[in-house]
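Asker: The primary structure of each chain is shown beneath.
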Amino acid sequence: MVTPLLAVDRTTTMEAVITTVGAEPALRVSGLTKNYETDRDVPVRALRGVDLEMSAGEFVAVTGPSGCGKSTLLNTVAGLEISDEGEIVIAGEQITGRGERDLALLRRRHVGMVFQFYNLLDELSVTENIALPAMLGGRKRKAAEARARDLLGLLGLGDRGKAGPAALSGGQRQRLAIARALANEPTLLLADEPTGALDSDGSAEIAELFQRLNADGQTIVMVTHDAGLAGIAGRVARMVDGRMIADPCDGRPTDRLPASKVVIT
Amino acid sequence: MRDATLLLWRARLRHSKLRVLAVVVLFALSGGITLAVAAGARRTAAAYEEVVDIVNGAELGSSYVPLDPDESRALIDALPAVDGFTQLVGFQTFLPDNPVPGLNSYAIYDDVVTVDRPLVIDGRLPRTPDETLLNEAAAAATGLHVGDRVEIVVANAEFTDLVPATMTVVGVGISDVYPDATAAFPQMVYGKSFVDARRDSIIWGGVGITLADGVSREEAATQFLDRGLVIDNDRADDRSKAGAAVRPLTVTLWVLAVLAGVATIVVVGQAVHRLVKRSRADARSLAGAGCSRAMLLAADVGVVLTVGVLGAALAIVVAVLASPLFPQGRARRVDALRGFDLDLATLGLGATALLVALVLSVGVTVWRSDRREEPRPGSAPGVLGRDPAVGTGVRFATGQRGTIATVAGVAVGFIAVVAAVVFTGSMGRLVSRPDLAGFSWDLVGRDGYFPVDNDAVDAVVGDDPNVERITGLSFSDVVVDGVSSPATVWTAIKGSPWPPLVDGRVPDERNEILVGQATLDGVGAEIGDTLTVVFGEDTSETRRSQEMTVVGTAVSPVIGLGGTDTPRLDTGVLVRADDLPVLPPSLARPDGFAFGGIVLFDLVDGADPELVRAQFPDGLPDGIDAATEWFESAEPAEVTETDDAIDVLVLTITALLIGVMATVAHNLLGFVRERRSSFAVLRALGFTPRQLRSTVLWQCGVVVGAAIIVSVPLGIAAGRWLYRTFADDIGVIVEPVVPVLPLALAVLAAITLVQGVALVPAQRARRATAAELRAE
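Heads up: the protein sequence lines correspond to chains S and A, in order. Heads up, the first sequence is in our numbering, so the first residue is 131 and it goes up one at a time. Heads up, the second sequence is in our numbering, so the first residue is 335 and it goes up one at a time.
Just so you know, these hints were derived from the structure itself, not from any lab. Don't be surprised by glycine CBs; every beta carbon is placed ideally from N, CA and C. Hints should not be assumed to be uniformly reliable.
What follows is a set of in silico ranges between Cβ atoms, one per label pair, in the way DEER data are often shown [to be verified]:
hint, chain 1, residue 1, chain 2, residue 2, range
1, A, Lys351, S, Ser185, 50 to 60 Å
2, A, Ile1043, S, Gly268, 27 to 37 Å
3, A, Leu1093, S, Asp232, 19 to 29 Å
Working from the sequences, and respecting the hints, build out all of it.
Answerer: Written out as structure tokens, the structure is:
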């Protein structure tokens, strides 16, 4: 029997999670536009009117060539980049137009991020890397550390709590990063090339982990250029030159659809 | 391969040009202070030497040459031992409208002075019979300036012929280089033409000579004696005293220079290290492109040398710009010795030493610069438990292996500043506490070589409620366990007569003495030992030997008599007047084993010394109405010279503090910059802008706080040790002080400056971009 990863907090059940967010889309992105100023006169248009809508419990993979705007989309959804136009709503809360402090608070509640190069804090122990966001989410220290230990146990890192991240293998570090992202039971798990720095065994390990998380009801947006990895998702969206092109039914990327806004539901 | 190495070097400079420029400027500032103070120390010593060479250029002197100047000139000129000489002709001069006790007046009987002469600091030497030059003491006592006219009376030896004259003051000069407060004898100096117009008024003749090559002092003395002349003054003693007077100041400057140099190397070294530090990814990329470790090392050394050479060159410029601050001390009063100075030897050697030290200090880290030091998880449990921003900031500071080096670098800089503050504060205390230099009275009356009637003094002021103590003081020459030593003879007129004790107790029984520590060390004795003290060694008939017990050590006040060695500070023997040997009437010595008449008055707090002085309108009672000199200070030359330079010392310390803090701030910026990806992660995790700023401030605060905790006690200990060494060397009572307020202000300034600077990376951390999250 596969142990549910999201049922670690006894006060939260998968049904409760789905029930809570079922009335609202977990994520709605409308007309998102983001430009970068450069030395030249013409700005780089990273996002050109992207739309994306996801229900709770969906797993969407966003693919596309390098520089098509995948990571920019993820960072903008997380509030780490500010869009020029458009709207982002997560679990009914408006992201766009918020100040830096509000965005930080929203991130604590709704967003867990996983990066290609892990971005762990080497000065903190394995346990503390997870406890820190848990404390930011409002838990007291002991509760945060307990949460961290639970997640570590479930992710197979229970005996590495006092070690530093530098002592872990690549796959272990990414599992730690995922555990950190789950510390506050986020609405969205955003993963940016989560297997980009791993070997095939490590990649398979992470892929399997994402599948288990999604099976437990976690809403996941995963950016990847790996077609095989994208295949584990329920939906595959393709971006080209800052625009979204997707097949909402069978997941196959298509070029037959107009290169304008396409909504995935 | 050479081209590739040059490419790497140029690329590194180009990529970090603003940071390179910043480090060059910081090196120039701190290094410039180091070089300026070192060159200033050398310049002060050299300027003093120059003053001594002019004012005291003779090697030997005689005060007993024939009164006829032409006769004495012919005699001296004929001596083979003499290479050059300055002939002095003495007069008795009074200022009827402005009496100056102890005024000494003489003429230089040379048109061209070759050996020694007053060093003019304003105006010129006199040329005509109605012109005169005053030394500084005479100018201060009379209030006269260049251009003023003054009425004088010139008396012959018998005081039967009193000739008035009107003189014009044409110059003010330095006529001696041993400026103890009580040894600054006022002098009026005349030219050769003054002598020609007043030959009947000459009262003494003197000469200062330089020896011909290969002639010893003994040979010269023999030649003098053969012609009925006596050499009574070895100027080497005066030169030695002058050197001792300025040595504490030059040593202080050298110490400051070394402190500044060490702080510069350590703190700037860290900044340079950050310039050449390379990430692991960069190192791998370069290795993958075929770059060898030797190439990388050569490129890095090139960067270090670029910064070092540019910084050292600019440091020389800074030092030259600061050179008008020197020399310090008395030599500064000479116009010709001030202004810009280019001491190529000191600046060149100093800049080279700084450069070499910088390269060496960075050398090891340059060799390791291609390895990223793995941070270690913090070992402080529960630090994250309160505000996560505080805990994270503390953990960032403590978890990085380079933190220890950063803290050490900051600490060294602080230690230098704290040590300098403590030393200067202790110096200030020495200046404000004359009792530490042996002077625990408020007023001194000196009748020169004439003994004072102590009972008469007691009769006048003994019952004055303003007067707490009255001490009679005279001098003697003794031989202690075979070693000649000057001695002071103390008479208790009212209250305890003794100066401040260093150790032991005051004499209260017969044949007990106090001794200066240096004198005690010189005879190899300790408190409690009994010494053989011989009085009247000069004549066999009146020579008397006594066994006397050392009961304590004391610091003697610096109150001398012109022309004789007297105890000062930690030298000399202190004897009770009652313990002087008693001779039978047939052998009575005119001086009774003691000479000179000085009375010391200790007044109640707040009493005006003028109240005592006014009770002696004709001077102290001595039976012959000799003029009495009055002093309210007995500051030793060593203290005066260093006190004069306090402003420059404080300025140097302030500049050092600013230089160190600027470099520390720069290093902290780098320290935080290295964590920029972590700040991006914290932002992604949900740290608010305030929390990001707080993390940076705590990260910097831990480093600075740790450095302060380490450096303040070490700096205080270093400052106290330096002052103790200085005070021991000059012989004052050692009482280092920790100036709490200036120290607190310095620490507060450091913390405020650093935290202020930390706001810059704190603001940047708030804007940590998502781009940081994509880098490894």
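Asker: Can you list which hints this structure breaks, lowest number first?
Answerer: No numbers; nothing is violated.
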